[in-house]
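Colleague: From first to last, the protein sequence lines are chains G and U. Heads up: the first sequence runs through residues 1 to 303, numbered per the numbering used here. Heads up: the second sequence runs through residues 1001 to 1239, numbered per the numbering used here.
The set of hints was computed from the structure by calculation and includes no laboratory data. Just so it is clear, the structure is predicted and the values come from calculations on it, not from any experiment. Built from N, CA and C at the ideal position, the CB exists for glycine as well. It is possible that part of the hints are untrue.
What the hints assert, rightly or not - Examples of chain G residues lying across from chain U (beta carbon under 10 Å, computed): (1) Pro36; (2) Phe51; (3) Ser55; (4) Gly57; (5) Tyr73; (6) Tyr86; (7) Leu89; (8) Glu93; (9) Lys138; (10) His145; (11) Asp146; (12) Val286; (13) Pro288.
As the list claims (entries may be wrong) - Calculated from the model, a selection of chain U residues having no Cβ within reach of chain G, i.e. all distances over 12 Å: (14) Leu1009; (15) Asp1078; (16) Gln1128; (17) Thr1203; (18) Asp1205; (19) Val1212; (20) Leu1233; (21) Lys1234.
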Amino acid sequence: MTTLSIDHVSRWFGNVVAVNDITMTVGPGVTGLLGPNGAGKSTLINMMGGFLAPSTGSITLDGKPVWRNEQIYRHIGIVPEREAMYDFLTGREFVVANAELHGLGEKAAARALATVEMEYAQDRRISTYSKGMRQRVKMASALVHDPSLLLLDEPFNGMDPRQRMQLMDLLRRMGDEGRTVLFSSHILEEVEQLAAHIEVIVAGRHAASGDFRRIRRLMTDRPHRYLVRSSDDRALAAALIADPSTAGIEVDRAEGALLIQAVDFGRFTALLPRVAREHGIRLLTVSPSDESLESVFSYLVAA
Amino acid sequence: MYDPTVARLTYRALLGRRRALILGALPVLLIVISAAVRGFSGADDQVAADVLGGFALATMVPIIGVIAGTGAIGPEIDDGSVVYLLSKPVKRPTIIFTKLIVAIAVTMVFSAAPTFVAGLILNGNGQQIAVAYTVAALVASIAYAALFLLLGTVTRHAVVFGLVYALVWEALFGSLVSGARTLSVQQWALAVAQKVAGGDLVTSDVGLPTAVILLAAVTAGATWYAGQKLRTLKLAGEE
Chain G
1 MTTLSIDHVS RWFGNVVAVN DITMTVGPGV TGLLGPNGAG KSTLINMMGG FLAPSTGSIT
61 LDGKPVWRNE QIYRHIGIVP EREAMYDFLT GREFVVANAE LHGLGEKAAA RALATVEMEY
121 AQDRRISTYS KGMRQRVKMA SALVHDPSLL LLDEPFNGMD PRQRMQLMDL LRRMGDEGRT
181 VLFSSHILEE VEQLAAHIEV IVAGRHAASG DFRRIRRLMT DRPHRYLVRS SDDRALAAAL
241 IADPSTAGIE VDRAEGALLI QAVDFGRFTA LLPRVAREHG IRLLTVSPSD ESLESVFSYL
301 VAA
Chain U
1001 MYDPTVARLT YRALLGRRRA LILGALPVLL IVISAAVRGF SGADDQVAAD VLGGFALATM
1061 VPIIGVIAGT GAIGPEIDDG SVVYLLSKPV KRPTIIFTKL IVAIAVTMVF SAAPTFVAGL
1121 ILNGNGQQIA VAYTVAALVA SIAYAALFLL LGTVTRHAVV FGLVYALVWE ALFGSLVSGA
1181 RTLSVQQWAL AVAQKVAGGD LVTSDVGLPT AVILLAAVTA GATWYAGQKL RTLKLAGEE
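Extracted from the complex, chain U is given alone in its bound form:
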């Protein structure tokens, strides 16, 4: 199911100079903000939860997920170089699964790790807030990577759609229409975080069992479907 060569090619494509800069920018921003907040207002559990929930989990994790998830396959399909993977005796679902693992790993490194560091800076992991949001970021990384990898497989405008989902659906729509929040990776991840933190600083609109089932279903479904799409992928741009 996992092909080390596909993984190596994907890592190198994802962590190329320009994309690595973009991936690194948001985590740096998060840590700078956290340091500034800590400097100005001192250690405050509520503020820590606001920064990690409002910026790290709601904005940074999905954007990193979009970049890593779509970037793991979209550019190859766009420019046609994916033909070198497809013209090999390697199962198409293996290619997708490998790229998913890479996308998850990259999203985790660039979103969960800085979330934890930011949490330590903000309030020294008081009330388990840093750990809770880090776990949420880890969980969300998996679902985002799978969703956006699928997007990258089915559309050439994956980044746009991905950002629209991440920013408009999750952030804007979710805060206006309560029903939309049930169908939100962010809320599912928060449900897991709520369990970790225990207190009432971290809350989710979705119950833990529902969240876990939806997370697993979305991840597995998106990955399976992407594998099927890749089996019948038409290489565009020829004639």
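With the rest of the complex left out, here is chain G:
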């Protein structure tokens, strides 16, 4: 059982505060670190991995500090976000080197390569690998010493759906085995599919923590805004406002469209096409106007 404790950690670079007084505990199982780009996820993961000193606060792994403590890496496996990884080596040479640096040998390397199913390409140079293959070899290098804590920075970036699924299966398996797995992502669906536990970081602050269902509910129950154009905007507006799922409608004459604020996402999405059909109105445009991740997150912060 490995527990990573982050205790009142802040990190600033000059005048910029990247991580602002975060306290959290990461225990066994898969935890997703969710937040928009630039939220401070990488800074936090770098501090968790002992590559950056917190400006204040402390990070410990089962009570031992991670900063300036090389021995801690016997227990930590790290999958960095960056691509660079000794491209002149073959996948096997790279993983063997990583094993040797842990005092292990070919056997451990072979086992790790088998875990990520990369044996078929292990004798090719890394420079010839696809993004997904690189990611798997990075995984192998992080798993070679059988660590109890696995830190992954944006591991799904640039992977195709099949590679994504494979990696998710692997991480799920690691979590089920009782390892502490923490990965960062800016994509809600990724985190939702994989992590039972989510930590949300927005603008350097710890915005939410807990079960993904609770966070998902917070996200879907927020007011949604839609921009709708139809063959008869006013008739449609009158019919929609009668239903409690609609909180407000504005007729935007300049845009020639309706701006609708819906409060019950599920009900509204069923209501809109039904109402249109019943009144013989043609829908020309239906587009969510605030689906950007930032607005989702800013709503979360306010909640």
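Given chain G, put chain U in place with the hints provided.
Modeller: Below, chain U without anything else, positioned relative to chain G:
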């Protein structure tokens, strides 16, 4: 203190195709020049000393030192792949010391060996000139490798700074301002060479004891400091 895996990775990175070509170019040039000089003017001790002192020791050795010293760690820090070394239970000073050994070995092979060959071509090691300059190149290799390894650890512009030091400080400044010559790896190495050659063909502005102390101090100090810097290295380029 020495990690064979770190050494292997460093050798392979340093002797990759492109860098090996650059490393090989200057020694080839030195040998071509030496052969041409010998062909045109015959064996001449003074000419031999001029070529080995002016080109081999003053230009080639520091440039090779810059390439090998900064190249032993700079690119890894630049592209972030050093994270695979840092995330291991290996002491940071061990990583630096190992890389220093590799950088020294590469600098010696690519600078001292061709210096000796060039010396043999120029005057057949008359008056011990080939041996003296080879010893100077060996000694300078150690100090340059340590200095430039430190540069590669602390700055992303290590090659530029290294070349400025090697060419502007040692070659240009050193010939104009006599004080600058006391703080010159080249002069320290020459002091050792002077002792080996014995005659007055090889001379240094620095006395042997001073030179030896400064060589040892710079090498040890730079290596220690690089180890400390690596312990608190921030991986740049993230966020």
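Colleague: Grab the minimum C-beta distance from Pro288 (chain G) to chain U and call the hint holds if it beats 10 Å, violated otherwise.
Modeller: violated, 29 Å
Colleague: Take the shortest C-beta to C-beta distance between Glu93 (chain G) and chain U; is it under 10 Å?
Modeller: This hint holds: Glu93 (chain G) lies near chain U, its Cβ roughly 9 Å from the closest one there, short of 10 Å.
Colleague: Far enough from chain G: is every CB of that chain over 12 Å from the CB of Lys1234 (chain U)?
Modeller: violated, 6 Å
Colleague: Beyond 12 Å from chain G, beta-carbon-wise, is Asp1205 (chain U)?
Modeller: Holds, since 43 Å exceeds 12 Å.
Colleague: Is the interface hint for Lys138 (chain G) satisfied, with its Cβ closer than 10 Å to some Cβ of chain U?
Modeller: holds, 9 Å
Colleague: With a cut-off of 10 Å on the beta carbons, see whether Leu89 (chain G) makes it to chain U.
Modeller: holds, 7 Å
Colleague: Min Cβ distance, Ser55 (chain G) to chain U: is it shorter than 10 Å?
Modeller: violated, 12 Å
Colleague: Once the shortest beta carbon distance from Gly57 (chain G) to chain U is found, is it less than 10 Å?
Modeller: violated, 17 Å
Colleague: Taking 10 Å as the limit, does the beta-carbon of Asp146 (chain G) come near enough to a beta-carbon in chain U?
Modeller: Hint on Asp146 (chain G): violated, closest Cβ of chain U at ~13 Å, above 10 Å.
Colleague: Would you check whether His145 (chain G) satisfies its interface hint, that is, whether its CB is within less than 10 Å of any CB in chain U?
Modeller: Since chain U brings a Cβ to about 9 Å from His145 (chain G), closer than 10 Å, the hint holds.
Colleague: Quick check on the hint: Pro36 (chain G) CB to chain U CB, less than 10 Å?
Modeller: violated, 12 Å
Colleague: Given Val286 (chain G) as an interface hint, is the shortest Cβ-Cβ distance to chain U below 10 Å?
Modeller: With Cβ-Cβ at 36 Å, over 10 Å, it is violated.
Hints 1, 3, 4, 11, 12, 13, 14, 15, 20 and 21 from the earlier list are contradicted by this structure; the remaining hints agree with it.
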